[in-house]
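> One letter stands for each residue in the lines below.
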Amino acid sequence: MKAKEYTFDASYQPQVRTKTDTSRIMLDVIIALVPAMAFAVYQFGFKVLALLAISVASAVFFEWGYRKLMKKPGSINDLSACVTGILLVLCLPVDAPLWMPVIGTFFAIVIVKQLYGGIGKNFVNPALAGRAFLFFSWTATMTSWAVPKALGGVSVAADAVTMATPLSILKEGGDIAAQGYDYLDMFLGFMPGSIGEISALALLIGGAYLLIRKVINWRIPVAFIGTVAVLTFIFPRNGYANLDWMLYNLLSGGLLLGAFFMATDYSSSPVTLNGQLLFGFGCGALTVLIRYFGGFPEGVSFAILIMNLCAWAIDKGTRGRQFGVTKEDLKAAKKAAKEAKA
Amino acid sequence: MPYKFRGGVHPDYMKAPNEPVVVVTPPPQVVIPMAQHIGAPCQPIVKVGDYVTMGQKIGDNPAPVSAPVHSPVSGKVIAIEPRPHPLGDMIMAIVIENDYQDTPCTDLAPLTEEQLKDPEAILARLREAGIVGMGGAMFPTAFKIRGGLGKVDTLIINGAECEPYLNGDHWTMKLHPEELLKGIELARIASGLDKAYYGIEKNKMDAIELLNSKNPAQYGVEIVPEEVKYPQGAEKMQIKAITNREVKPGGLPAGVGCNVVSTQTAYAIYKACYLGIPCYERILTVGGSAVNKPYNLQCRIGTPFRYIVEQCGGFVKTPKKIVLGGPMMGLIATNIDAVNIKGTAGILFFTEEEDRNVENPTCIRCGKCITVCPMGLEPVYMYAYFKKGDFENMKKYHILDCFECGSCSYNCPGRMPLTHSFKTAKLLFAAKAAEEKARAETAAKEAEKK
Numbered sequence: 001m002k003a004k005e006y007t008f009d010a011s012y013q014p015q016v017r018t019k020t021d022t023s024r025i026m027l028d029v030i031i032a033l034v035p036a037m038a039f040a041v042y043q044f045g046f047k048v049l050a051l052l053a054i055s056v057a058s059a060v061f062f063e064w065g066y067r068k069l070m071k072k073p074g075s076i077n078d079l080s081a082c083v084t085g086i087l088l089v090l091c092l093p094v095d096a097p098l099w100m101p102v103i104g105t106f107f108a109i110v111i112v113k114q115l116y117g118g119i120g121k122n123f124v125n126p127a128l129a130g131r132a133f134l135f136f137s138w139t140a141t142m143t144s145w146a147v148p149k150a151l152g153g154v155s156v157a158a159d160a161v162t163m164a165t166p167l168s169i170l171k172e173g174g175d176i177a178a179q180g181y182d183y184l185d186m187f188l189g190f191m192p193g194s195i196g197e198i199s200a201l202a203l204l205i206g207g208a209y210l211l212i213r214k215v216i217n218w219r220i221p222v223a224f225i226g227t228v229a230v231l232t233f234i235f236p237r238n239g240y241a242n243l244d245w246m247l248y249n250l251l252s253g254g255l256l257l258g259a260f261f262m263a264t265d266y267s268s269s270p271v272t273l274n275g276q277l278l279f280g281f282g283c284g285a286l287t288v289l290i291r292y293f294g295g296f297p298e299g300v301s302f303a304i305l306i307m308n309l310c311a312w313a314i315d316k317g318t319r320g321r322q323f324g325v326t327k328e329d330l331k332a333a334k335k336a337a338k339e340a341k342a
Numbered sequence: 343m344p345y346k347f348r349g350g351v352h353p354d355y356m357k358a359p360n361e362p363v364v365v366v367t368p369p370p371q372v373v374i375p376m377a378q379h380i381g382a383p384c385q386p387i388v389k390v391g392d393y394v395t396m397g398q399k400i401g402d403n404p405a406p407v408s409a410p411v412h413s414p415v416s417g418k419v420i421a422i423e424p425r426p427h428p429l430g431d432m433i434m435a436i437v438i439e440n441d442y443q444d445t446p447c448t449d450l451a452p453l454t455e456e457q458l459k460d461p462e463a464i465l466a467r468l469r470e471a472g473i474v475g476m477g478g479a480m481f482p483t484a485f486k487i488r489g490g491l492g493k494v495d496t497l498i499i500n501g502a503e504c505e506p507y508l509n510g511d512h513w514t515m516k517l518h519p520e521e522l523l524k525g526i527e528l529a530r531i532a533s534g535l536d537k538a539y540y541g542i543e544k545n546k547m548d549a550i551e552l553l554n555s556k557n558p559a560q561y562g563v564e565i566v567p568e569e570v571k572y573p574q575g576a577e578k579m580q581i582k583a584i585t586n587r588e589v590k591p592g593g594l595p596a597g598v599g600c601n602v603v604s605t606q607t608a609y610a611i612y613k614a615c616y617l618g619i620p621c622y623e624r625i626l627t628v629g630g631s632a633v634n635k636p637y638n639l640q641c642r643i644g645t646p647f648r649y650i651v652e653q654c655g656g657f658v659k660t661p662k663k664i665v666l667g668g669p670m671m672g673l674i675a676t677n678i679d680a681v682n683i684k685g686t687a688g689i690l691f692f693t694e695e696e697d698r699n700v701e702n703p704t705c706i707r708c709g710k711c712i713t714v715c716p717m718g719l720e721p722v723y724m725y726a727y728f729k730k731g732d733f734e735n736m737k738k739y740h741i742l743d744c745f746e747c748g749s750c751s752y753n754c755p756g757r758m759p760l761t762h763s764f765k766t767a768k769l770l771f772a773a774k775a776a777e778e779k780a781r782a783e784t785a786a787k788e789a790e791k792k
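Chains A and B, in that order, are what the protein sequence lines are. Under this note's numbering, the letters of the first sequence match residues 1 to 342, in that order. Under this note's numbering, the letters of the second sequence match residues 343 to 792, in that order.
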């Protein structure tokens, strides 16, 4: 081959890139959610699959349709819409009607995500915002919890038997031990609750996968869960022992789902490393405050939504140490600026 | 024990050419650009029709920041005219027709025993032999060492070679360990120091062991095996790894008492002082998926890329870009008729295969650029302010302190053009500063008139 005929591109550095791209990251999130989804199907039956299919299909459809309508480049290949669709279902109760995720994903994808410019631009977590929208529109449906298979329940039917979640029992001062499930059951997921939140084990497996794949780092989940653990351990309520109260609080509700999969949402959480710690602390503290003093037994989703709104401000206030700049340098610079003003 | 720096990435090594260095027969014609260093370009000191010998000085400039150029072959000067420079543009160059006699030039005699211990004599020789930073920066070495006298207490030799593909330095270590150590000793003597540190990444254990077996202590050299992480070979990272000192933003290595010299520069110093051979040859890596057989070549300066490719069996795929240096920080050449110069550590011919850019780069705010930035900056915000044209905030987010290592762009899953944008931003800042200066000057002149 003669070299003469070739033309060469002027390209920009660097000339190589890592293999991991956006769709690979989103695929990893989906993989990490497989254990939770599988356990939900086992526990609540095939209705979960129907909800998931409808939710993912509608989320992708809205993403595609909006971009098409607005003549913007297509973005369904990045799989982020699939993740939103899955996460929305995971925080619904299994008795939610099949049309519900359609409305939820419309709100999540179109209003929360695309109106602000699509992936990376939304300032609150789309799936959580979609859930919040459904929660306030159909509160009764969103707070009735089918009895899971393990506790002898028959869910899915219109007149399904429902039971209280551990969190509402805790809130009302009831006795969890009398409900027919112990710590191990709660850890494995044999208790009532939202579709994807019940099994701590499945969520921990997924979270570990995300950490190993470096999709997320430890800061937000550890700060979030750690804060809840410390606060609930120090301030037990309703006559519970410290440790019991802490463990019940950690194992019930959407804490693990929220800490690993929702609070770590890239576009609505801080990007600075210290900011991520602060964000996790905030989520944990707000979760405990809402659980203790709010009108509803669960506070994870609202805690995250509130902290989402602070993410950008946190970023600005928690910038990392620049190479070559010591604390003394910063102090000196501050002093100089003050003197210049005076 | 080397210190660690924060951030950094681990690109695939891609250091394929694992056979000994191939010595390239020089081409029938060599093209010697007059600018092969940072500073004032050289003026030709020969005429068309002159006969030059191998190693004869053919261009020089008396300016302090400059380095002469020498003929890599013996033969006749057939043209002095602008020719394509590897970094773009047409630059004045001397074209020499090779007579394949390699008649050596005797202008530079090997230094005597006493001269080899005299810093002044060594520095004068480095200047005369046209030695510049051969890692790619091409800063005149004599000027660098002289500028550090009295300020620098640590001399560091850079053997990290953290860029993928490149392994010319590795081969220099393996082929010429003693010469290399002698070269480092000379740089150390010229700097007026008792000790020099040679930082080498741990992926070159064979070279580290070989160098250690040659008793580096007798040359006043300590080998420091370093963590394998890009950009370990960046000047600031080398200094951090060896001394735990951090160069201040906007500062120079000499500001923290360090000078960094690259491996092949040290070898060139040896050749200039012990053998009297000026800088007209180097080892470079040829690679990339377009090339038939990737090689490490020992190659004269002024060899056209086209000729170099032919030595590697030509192209097997249609090349899309020519990268000079490594793929992370390397610059792009667009003309295959350009030639290799003193700072060309590698020539990579890439096809679409290496390319992972996308049509619609989208930031997903994952913050992976922040975790890898060795300078502790926030590329995601630097880019946002760059897009807005917000100069004040660009400065506040330290866009000027980015040294363009490319780690953020490398790690970006959304394939954002981060490094490229920061480079552009720095040019904009420079243009703005020049404009403001010009405006201030005109204002001052007008005020004078009044």
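Just so you know, the hints here were simulated from the structure itself, not pulled from any lab data. Certain hints may be false.
In silico DSS-like links for lysine-lysine, alpha-carbon gap of 30 angstroms or less [stated by the list, open to error]:
(1) B:K779 x B:K768
(2) A:K19 x B:K493
(3) B:K774 x A:K338
(4) B:K662 x A:K19
(5) B:K738 x A:K341
(6) A:K71 x B:K730
(7) B:K544 x B:K346
(8) A:K334 x B:K768
(9) A:K335 x B:K635
(10) B:K590 x B:K787
(11) B:K729 x A:K214
(12) A:K335 x B:K493
(13) A:K19 x B:K635
(14) A:K341 x B:K730
(15) B:K779 x A:K214
(16) B:K737 x A:K338
So these bits of chain A aren't anywhere near chain B, every CB distance computed over 10 angstroms [as the list claims (entries may be wrong)]:
(17) A10
(18) R17
(19) I212
To spell it out: a stretch of chain B is covered by chain A in this simulated footprint if at least three of its residues, at any positions, have a beta carbon under 8 angstroms from a beta carbon of chain A; those stretches are [unchecked claim]:
(20) 464–473
(21) 549–556
(22) 586–599
(23) 674–682
(24) 713–727
(25) 742–750
(26) 754–767
Glycine is no exception: its CB is placed at the ideal position from the N, C-alpha and C atoms.
> Does each hint hold? Answer for all of them.
Verification of the hints:
For the suggested pair B:K779 and B:K768, the alpha carbons sit about 16 angstroms apart, so the restraint of at most 30 angstroms is met. Pair hint A:K19 plus B:K493 does not hold up; C-alpha atoms about 44 angstroms apart against a cutoff of 30 angstroms. Proximity of B:K774 to A:K338 is assessed by CA-CA distance (about 28 angstroms); at most 30 angstroms being required, the pair is judged to hold. Taking the CA atoms of B:K662 and A:K19, the gap is near 20 angstroms; set against the 30 angstroms cutoff, the hint holds.
Of the pairs offered as hints, the one joining B:K738 and A:K341 holds, with about 18 angstroms between alpha carbons and a cut-off of 30 angstroms not exceeded. Between the alpha carbons of A:K71 and B:K730 the distance comes to roughly 23 angstroms, so the proposed pair stays at or under 30 angstroms and holds. About 13 angstroms separates the Cα atoms of B:K544 and B:K346, which keeps this hinted pair within 30 angstroms; it holds. The suggested pairing of A:K334 with B:K768 holds, with an alpha-carbon distance near 25 angstroms, which does not exceed 30 angstroms.
Proposed proximity of A:K335 and B:K635 is contradicted: the alpha carbons are some 60 angstroms apart, above 30 angstroms. Between B:K590 and B:K787 the CA atoms are separated by roughly 36 angstroms; this puts the pair beyond 30 angstroms, and the hint is violated. Simply put, B:K729 and A:K214 have alpha-carbon atoms about 28 angstroms apart, close enough for the 30 angstroms limit, and the pair holds. Straight-line distance between C-alpha atoms of A:K335 and B:K493 comes to about 28 angstroms, which keeps the hinted pair within the 30 angstroms bound.
Distance restraint check for A:K19 and B:K635: the Cα-Cα separation of roughly 25 angstroms lies within the 30 angstroms cut-off, and the hinted pair is therefore satisfied. The suggested pairing of A:K341 with B:K730 holds, with an alpha-carbon distance near 29 angstroms, which does not exceed 30 angstroms. Of the supplied pair hints, the one linking B:K779 and A:K214 is violated, its CA atoms being roughly 47 angstroms apart against a limit of 30 angstroms. Of the pairs offered as hints, the one joining B:K737 and A:K338 holds, with about 19 angstroms between alpha carbons and a cut-off of 30 angstroms not exceeded.
The beta carbon of A:A10 is not kept farther than 10 angstroms from every beta carbon of chain B, the shortest such distance being approximately 6 angstroms. The claim that A:R17 is not at the interface with chain B is violated, since a C-beta of that chain comes within 10 angstroms of its own (minimum 4 angstroms). Residue placement check: A:I212 keeps its beta carbon more than 10 angstroms from all beta carbons of chain B (closest about 16 angstroms). Interface restraint, the segment 464–473 of chain B with chain A: violated (0 residues with C-beta to C-beta distance below 8 angstroms; minimum three).
Counting residues of the segment 549–556 of chain B whose CB lies closer than 8 angstroms to any CB of chain A gives 0, which falls below the minimum of 3, so the coverage claim is violated. Remark: the segment 586–599 of chain B is confirmed as covered by chain A, as 5 of its residues place a Cβ nearer than 8 angstroms to a Cβ of that chain, reaching the required three. Only residues whose beta carbon comes within less than 8 angstroms of a beta carbon in chain A count, and the segment 674–682 of chain B has 5; three or more means the coverage holds. Chain A is given as covering the segment 713–727 of chain B, and this holds because 8 residues of the stretch bring a CB closer than 8 angstroms to a CB of that chain, at least three being needed.
Chain A is given as covering the segment 742–750 of chain B, and this holds because 3 residues of the stretch bring a CB closer than 8 angstroms to a CB of that chain, at least three being needed. By the rule of at least three residues with a Cβ nearer than 8 angstroms to a Cβ of chain A, the coverage given for the segment 754–767 of chain B holds, with 8 such residues.
The structure fails to meet hints 2, 9, 10, 15, 17, 18, 20, 21 from the earlier list, while all remaining hints are met.
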